[in-house]
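Engineer: Listed below, chain by chain, are the residues.
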Amino acid sequence: QKEVEQDPGPLSVPEGAIVSLNCTYSNSAFQYFMWYRQYSRKGPELLMYTYSSGNKEDGRFTAQVDKSSKYISLFIRDSQPSDSATYLCAMNGGTSYGKLTFGQGTILTVHP
Amino acid sequence: ETGVTQTPRHLVMGMTNKKSLKCEQHLGHNAMYWYKQSAKKPLELMFVYNFKEQTENNSVPSRFSPECPNSSHLFLHLHTLQPEDSALYLCASSLPPLAGGPDTQYFGPGTRLTVL
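So the sequence lines, in the order shown, correspond to chains Z and H. The first sequence runs 111 to 222 under this note's numbering. The second sequence runs 4 to 119 under this note's numbering.
For reference, chain Z alone in the conformation it holds in the complex:
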């Protein structure tokens, strides 16, 4: 079993839709949960991170963590074509500091 599971998609939605991206994980020691966005031919860029369980909102983006279920989500409201990218979840914690564990990434396309 992979430490972090992420559906690779691809996911295609119309502009304005609410997008839900998800990851599950198996290591209960993970405490910090990140979402990265990677445009084609670019490196990943950090969108936001969350500590432990709960929600965090930044503009149109909301990150949720449910540690009891080992499940994290990223919601994108009012999605735009410019949101089309690969979204990577990543996490660290416990003794694994300095070592991020990534999901496979979900390819998202928002069409006009």
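Warning: the hint list may mix true and false statements.
Claimed, not checked - 27 Å max Cα-Cα, derived DSS-like pairs, lysine-lysine:
| no. | chain 1 | residue 1 | chain 2 | residue 2 |
| --- | --- | --- | --- | --- |
| 1 | Z | Lys209 | H | Lys55 |
| 2 | Z | Lys209 | Z | Lys177 |
| 3 | Z | Lys152 | H | Lys39 |
| 4 | Z | Lys166 | Z | Lys209 |
| 5 | Z | Lys166 | Z | Lys112 |
| 6 | H | Lys44 | Z | Lys180 |
| 7 | Z | Lys180 | H | Lys22 |
| 8 | H | Lys55 | H | Lys25 |
| 9 | Z | Lys152 | Z | Lys209 |
| 10 | Z | Lys152 | H | Lys21 |
| 11 | H | Lys43 | Z | Lys152 |
| 12 | Z | Lys209 | H | Lys44 |
| 13 | Z | Lys177 | Z | Lys112 |
| 14 | Z | Lys180 | H | Lys39 |
| 15 | Z | Lys166 | Z | Lys152 |
| 16 | H | Lys44 | H | Lys21 |
| 17 | H | Lys25 | Z | Lys152 |
| 18 | H | Lys22 | Z | Lys152 |
| 19 | H | Lys39 | Z | Lys112 |
| 20 | Z | Lys180 | Z | Lys209 |
| 21 | H | Lys22 | H | Lys55 |
| 22 | H | Lys44 | Z | Lys152 |
| 23 | H | Lys44 | Z | Lys112 |
| 24 | Z | Lys209 | H | Lys25 |
| 25 | H | Lys43 | Z | Lys209 |
| 26 | H | Lys55 | Z | Lys152 |
| 27 | H | Lys22 | H | Lys43 |
| 28 | Z | Lys112 | H | Lys43 |
| 29 | H | Lys21 | H | Lys55 |
| 30 | Z | Lys177 | H | Lys44 |
| 31 | Z | Lys177 | Z | Lys166 |
| 32 | Z | Lys112 | Z | Lys180 |
| 33 | H | Lys39 | H | Lys21 |
| 34 | Z | Lys209 | H | Lys39 |
| 35 | H | Lys25 | H | Lys44 |
| 36 | H | Lys22 | H | Lys39 |
| 37 | H | Lys22 | H | Lys44 |
| 38 | Z | Lys112 | Z | Lys152 |
The set of hints was computed from the structure by calculation and includes no laboratory data.
Starting from the known structure of chain Z, fit chain H onto it as the hints suggest.
Structural biologist: Same frame as chain Z, now just chain H:
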């Protein structure tokens, strides 16, 4: 230049060639990383350097040889690679990771490597 830069952006090499990838960070960070990104696979951590010292070698074959002369520069020396080594090689940097803290890494654009 700002952020993390990588050169070259694209590289095609034969299996007998020797080449080097370069990474430079302009963020004042002290930790630097090499990752391999292959299609349909998660990012694979290869090497970690903290304050120029290698702290992680993730069972990487010896045909990949990292070098970190200072906290701003990181190299990946390549020799006798195999076609399966073709991938996007990403460099990242961060503040020194702290036990119990988030590990927010900043990535360069990557070098697209093709081994013929």
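Engineer: Can you confirm whether the C-alpha distance between Lys152/Z and Lys209/Z stays at or below 27 Å?
Structural biologist: It holds: about 21 Å lies between the C-alpha atoms, which stays within 27 Å.
Engineer: Assess, step by step, whether the Cα of Lys22/H is no farther than 27 Å from the Cα of Lys55/H, and give holds or violated.
Structural biologist: holds (21 Å)
Engineer: Please work out if Lys112/Z and Lys43/H have their alpha carbons no farther apart than 27 Å.
Structural biologist: holds (13 Å)
Engineer: CA of Lys152/Z to CA of Lys21/H, is that 27 Å or under?
Structural biologist: holds (25 Å)
Engineer: Between Lys44/H and Lys152/Z, is the straight-line Cα distance small enough, at 27 Å or below?
Structural biologist: holds (17 Å)
Engineer: Between Lys22/H and Lys152/Z, is the straight-line Cα distance small enough, at 27 Å or below?
Structural biologist: Roughly 22 Å separates the two Cα atoms, so the pair holds.
Engineer: Given the hinted pair Lys25/H and Lys44/H, is their Cα-Cα distance within 27 Å?
Structural biologist: This hinted pair holds, its Cα atoms lying about 23 Å apart.
Engineer: Keeping to a limit of 27 Å between CA atoms, is the pair of Lys55/H and Lys152/Z held or broken?
Structural biologist: Within the cut-off at roughly 26 Å; holds.
Engineer: So if I understand the rule, the pair passes when the alpha-carbon distance is 27 Å or less; does Lys25/H with Lys152/Z pass?
Structural biologist: holds (16 Å)
Engineer: Under the criterion that the straight-line Cα-Cα distance not exceed 27 Å, is the pair Lys44/H, Lys21/H satisfied?
Structural biologist: holds (26 Å)
Engineer: With the threshold set at 27 Å, check whether the alpha-carbon distance from Lys180/Z to Lys209/Z stays at or below it.
Structural biologist: holds (19 Å)
Engineer: Taking only the CA atoms, is the gap from Lys209/Z to Lys55/H under or equal to 27 Å?
Structural biologist: Distance ~16 Å between Lys209/Z and Lys55/H Cα, so the pair holds.
This entry does not satisfy hint 7, going by the numbered hints stated previously; all others are met.
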